[in-house]
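Could you put the whole structure together from the sequences, leaning on the hints where they help?
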Amino acid sequence: MTTPAARRGHGPSRRAVLSAGIAVGGGLLVGVPLAAPVLSKDGPAGFAPNAFVRIARNGTVTLTMPYVEMGQGTYTAVPMLIAEELEVPLAAVTLEHAPADDMLYRNPIMGAQETDGSLSMRAAWEPMRRAGATARTMLVAAAAAEWRVDAAECRAAEGFVVHDRTRRRIAYGDLAERAATLPVPQQVTLKDASAFTLIGRPQKRLDSADKINGTAIFGMDVRLPGMKIAAVMASPVLGGRIASLDDREARRVTGVREIIRLDDAVAVVADHWAAAKKALDTLAVTWDDGPNAGFSTARLKGELDAASQRDGVVGDEAGDEAGAFAGAARRAEAIYRLPLLAHAAMEPLNCTVHLHGGRCDVWVGTQAASRAQAAAAAAAGLPQDLVAIHNQYLGGSFGRRAETDNIVQAVSIARRLDHPVKVVWSREEDTQHDFYRPAYHNTLRAGLDRDGRVTSWFHRVVGPSPLARWLPPAVQNGLDPDAVTSATGPYQFPNRHVDYVRHEEHAFRSGFWRGVGTTHNVFVVESFIDELAMASGTDPLEFRRRHLRDDPRLRAVLDLAAEKSGWSKPLPPGSGRGISLLQDFGGTILAQVAEVSVEDSGSLRVDRVTAVVDCGKLVNPDTVIAQIQGGVIFGLSAALYGQITFSEGRVEQGNFDSYAAVRMNEAPRVAVHLIESGAMPFGVGESGTSGIAPAVANAVYAAIGKRIRQLPITSDM
Amino acid sequence: MPYRLTINGETREVDADGDTPLLWALRDILGMTGTKFGCGAGLCGCCTVHVDGVATRACQTPIDSVGTAGIVTVEGVDRTDAGRRVQQAWIDLEVVQCGYCQPGQIMSAAALLAGNPEPSDAEIDEAMSGNLCRCGTYSRIRDAIRRAARLAKPAMETAQ
Ligand code: FES
Ligand code: FES
Chain L
1 MTTPAARRGH GPSRRAVLSA GIAVGGGLLV GVPLAAPVLS KDGPAGFAPN
51 AFVRIARNGT VTLTMPYVEM GQGTYTAVPM LIAEELEVPL AAVTLEHAPA
101 DDMLYRNPIM GAQETDGSLS MRAAWEPMRR AGATARTMLV AAAAAEWRVD
151 AAECRAAEGF VVHDRTRRRI AYGDLAERAA TLPVPQQVTL KDASAFTLIG
201 RPQKRLDSAD KINGTAIFGM DVRLPGMKIA AVMASPVLGG RIASLDDREA
251 RRVTGVREII RLDDAVAVVA DHWAAAKKAL DTLAVTWDDG PNAGFSTARL
301 KGELDAASQR DGVVGDEAGD EAGAFAGAAR RAEAIYRLPL LAHAAMEPLN
351 CTVHLHGGRC DVWVGTQAAS RAQAAAAAAA GLPQDLVAIH NQYLGGSFGR
401 RAETDNIVQA VSIARRLDHP VKVVWSREED TQHDFYRPAY HNTLRAGLDR
451 DGRVTSWFHR VVGPSPLARW LPPAVQNGLD PDAVTSATGP YQFPNRHVDY
501 VRHEEHAFRS GFWRGVGTTH NVFVVESFID ELAMASGTDP LEFRRRHLRD
551 DPRLRAVLDL AAEKSGWSKP LPPGSGRGIS LLQDFGGTIL AQVAEVSVED
601 SGSLRVDRVT AVVDCGKLVN PDTVIAQIQG GVIFGLSAAL YGQITFSEGR
651 VEQGNFDSYA AVRMNEAPRV AVHLIESGAM PFGVGESGTS GIAPAVANAV
701 YAAIGKRIRQ LPITSDM
Chain W
1 MPYRLTINGE TREVDADGDT PLLWALRDIL GMTGTKFGCG AGLCGCCTVH
51 VDGVATRACQ TPIDSVGTAG IVTVEGVDRT DAGRRVQQAW IDLEVVQCGY
101 CQPGQIMSAA ALLAGNPEPS DAEIDEAMSG NLCRCGTYSR IRDAIRRAAR
151 LAKPAMETAQ
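Residue numbers (this note's numbering), protein chains in the order written: chain L, 1 to 717; chain W, 1 to 160.
Hints listed in this document are in silico derivations from the structure and should not be mistaken for laboratory results.
It cannot be assumed that every hint is accurate.
Computed beta-carbon distance windows for the label pairs [stated by the list, open to error]:
hint	chain 1	residue 1	chain 2	residue 2	range
1	W	42	L	605	20 to 28 Å
2	W	13	L	564	53 to 61 Å
3	L	226	W	13	16 to 24 Å
4	L	570	W	143	26 to 34 Å
5	L	471	W	10	48 to 56 Å
Chain L stretches covered by chain W per the calculated footprint, using a threshold of three residues with CB under 8 Å from any CB of chain W [what the hints assert, rightly or not]:
hint	stretch
6	71–77
7	271–282
8	333–347
9	424–432
10	658–666
Sample of chain W residues facing chain L (criterion: CB under 8 Å; computed from the structure) [to be verified]:
hint	residue
11	20
12	28
13	38
14	39
15	46
16	102
17	103
18	125
19	128
20	141
Where a beta carbon is used, it is the ideal one built from N, C-alpha and C, also for glycine.
Structure follows, in structure tokens:
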């Protein structure tokens, strides 16, 4: 079993990767003119035809992995792409986390070194196979030269180049040096899908072994010689400052080394976290809360409601929505509200920093290594190339570990110390200082004709724009495309109007959360569609079918969901089935049918979920199933319980008692059915999360006739 | 006076205040980072270890309460029969996602099976509901516990 070798920061040095780049005259990513031998940590010189693949003289294949593993299985699926084309067993590929470098390791879709948007598989699909095929082609050419035969007579298999006619073969390791002297081919032939031996066949995750015996190293587990551990407390109100601090008692706690006062936070540095936290809890801090002291959830709701009266920036328009609505045979209107959500990844935020000799080393699990590097450099007052990011396994992230606030904070603390420090947030700190999934207000109205067909559709989205902060050029003329993504669902409405009113709050930070805009809009659209189906007296599944965009993939998913869920089978009183359908921006189509039962006491149980997914080409089918299953449970926690509320500028939730998540006794069985269509793989990390809330809410309506227009569901029942 | 703890069959010394939670003694003092911190409040189960065979939240267990009891952590759970079967079943059914909660899940599952070789669904819920998994691996955990229970039977052993 291979293990990611980059634990404890033994990844390839930035210099090693770059020196290969320099040796070949730059431009390693594509169209590399020459390969160059590089020194690898495996000792002997090897062969590195591009920034991703390296073959050592001893035959080791190393993949420098630009995407991070946070549970989604990318550490298995991406090596599969390389191994498929390189013709080596999957187990022969060793992984290293890539260092921060946008030039070499950017996600070609996002244009930066990021693992997000369910885009890794789509982004990696072509380049990674090409990287493998390039190496294979060069190894075959090297063997052909060695044997003085035509390369066309040779083939690659299982880590060898084989010449069948003369029954000779040479191991890749023995060819590495010769291959490194050959020109890198501009054109390589990728395998035909019918010849795939790995892609599309279930492969065991390569990271499992280390994750079940305690040896996998997450950011939380980093240990360095001389390292101390810090606990922190930041101002409970965003923008607040320390007014006074009495740390006399804290200094008496055994094991405490330093107490560091930042502007907006205080940190206790100690021999171990228990001492640091114990001391932190004894601190007498008074805060100057600043301008956000009066902020509350009630105020937020009032401001969103008021903003919804403004006209928005048009995101999608066709026909004459207002006219069609006015002339409709039947009209429906509704307001849907979504709460703020925390990410609550299982691993609380942490970051380890060592500033020494004018350099800065950072050990952290991050979704965005190059942003992490830039943020650390700014905080350290150093040029970016003197900051090394040692990326680690992520104990969940869901969007949170794309931000860099914890890194900046840890660097600020480390600047005051002459030894490495690991800053570890408590669960409460993690919940209360998140970049929250925004709260949204949605105004919906639709007109129906006499036959129950939707003739007009209006959807106004009101909320902040994390995208405007993250990627400013993506927001053109005030329109945040993420805020209005999926705002008409997978449907075709002849007259429609979608607009967006941007409303920013300064009392908290908002950010991306698993499923981003889709998660928010799918709840709204799929619930309102259900309302319209009921208003027209049509079965909700049939109603959706009638309004679908003309796309056979959508129909196939819906039809299979009807069949697999037993859609038309009656349920006992108090139970109900609800459906949702979505196509997310990654292209994945997913239908979910939830079955719920509501007891007389009002308590809700989700009994069963049937999911049908079409994510194009399947790379590792079991990982797709696992991602949907997990995404459903993650989304269900939010649907049932998730909400962050504010009072006097402070977050009212803290640990898992007040910010609850679904536990095993509440977890429904999730049956996932796959439809394979198309040649491209689409991502599945977010889809499961997006579709579950409306499926459950619609099932509640089917069970007890109560329409849920506000999340979490338990707050609206 | 340092505390002497028996961990995975070895005696280890921990020089810290008696109220130091076992979790931080393991992680920060002894460098055994397999046992995870998730909540520090007994709410998530990430820190589960065995104390004399009983699944115990290390974040809620002061080192001065352990005495001579034998502690087993995820690093040593493969020395027990139930632990080995649980780990095998976890691999067989591909339970793991991010993996952060899994040491705790495995420790809870191994303690369950050691005391109850054929748990019912309700008993699995009872034993495992203190272990959160934000990646949502619950149904695979349930299936893996059932599989680990079956792996105990000689018929399965020959079939392997
Ligand atoms: S860390 Fe001990 S139960 Fe969560
Ligand atoms: S596998 Fe990620 S929290 Fe359980």
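Hint check results:
1. Taking 20 to 28 Å as the suggested C-beta distance range, the pair residue 42(W) and residue 605(L) conforms, at roughly 25 Å.
2. Under the hint 53 to 61 Å, the C-beta atoms of residue 13(W) and residue 564(L), about 58 Å apart, fit the expected range.
3. With their beta carbons about 21 Å apart, residue 226(L) and residue 13(W) fall inside the hinted range of 16 to 24 Å.
4. Between residue 570(L) and residue 143(W), the C-beta spacing of about 29 Å keeps the proposed range 26 to 34 Å intact.
5. Between residue 471(L) and residue 10(W), the C-beta spacing of about 52 Å keeps the proposed range 48 to 56 Å intact.
6. Residues of the stretch 71–77 of chain L lying with their CB closer than 8 Å to a CB of chain W number 3, which satisfies the three-residue condition for coverage.
7. Only when three residues or more bring their CB closer than 8 Å to a CB of chain W does the claim for the stretch 271–282 of chain L stand; here the count is 7, and the claim holds.
8. Evaluation of the coverage hint for the stretch 333–347 of chain L: fulfilled, as 4 residues show C-beta separations to chain W shorter than 8 Å, against a requirement of three.
9. Figure legend: the stretch 424–432 of chain L, annotated as covered by chain W; annotation consistent (3 residues with Cβ-Cβ distances under 8 Å, at least 3 required).
10. With a threshold of 8 Å between beta carbons, the proposed coverage of the stretch 658–666 of chain L by chain W holds, since 5 of its residues qualify and at least three are required.
11. Among the interface hints, the one on residue 20(W) holds; its C-beta lies about 5 Å from the nearest C-beta in chain L, closer than the 8 Å criterion.
12. Nearest Cβ of chain L to the Cβ of residue 28(W): about 3 Å, under the 8 Å cut. The hint holds.
13. For residue 38(W), the interface hint holds, since its Cβ comes within 8 Å of a Cβ in chain L; the closest pair sits about 6 Å apart.
14. Among the interface hints, the one on residue 39(W) holds; its C-beta lies about 4 Å from the nearest C-beta in chain L, closer than the 8 Å criterion.
15. At a threshold of 8 Å, the smallest CB-CB gap from residue 46(W) to chain L is about 7 Å, leaving the interface hint in force.
16. The criterion of a C-beta within 8 Å of any C-beta in chain L is met by residue 102(W), whose closest approach is roughly 5 Å, and the hint holds.
17. Against a cut-off of 8 Å between C-beta atoms, the interface hint on residue 103(W) holds, since the closest Cβ of chain L lies about 5 Å away.
18. About 4 Å separates the beta-carbon of residue 125(W) from the nearest beta-carbon of chain L, less than 8 Å, and the hint is met.
19. Annotation: residue 128(W) was flagged as interfacial toward chain L, and the flag holds, the nearest CB pair being 5 Å apart, inside 8 Å.
20. Taken as an interface hint, residue 141(W) checks out: its beta carbon lies about 7 Å from the nearest beta carbon of chain L, inside 8 Å.
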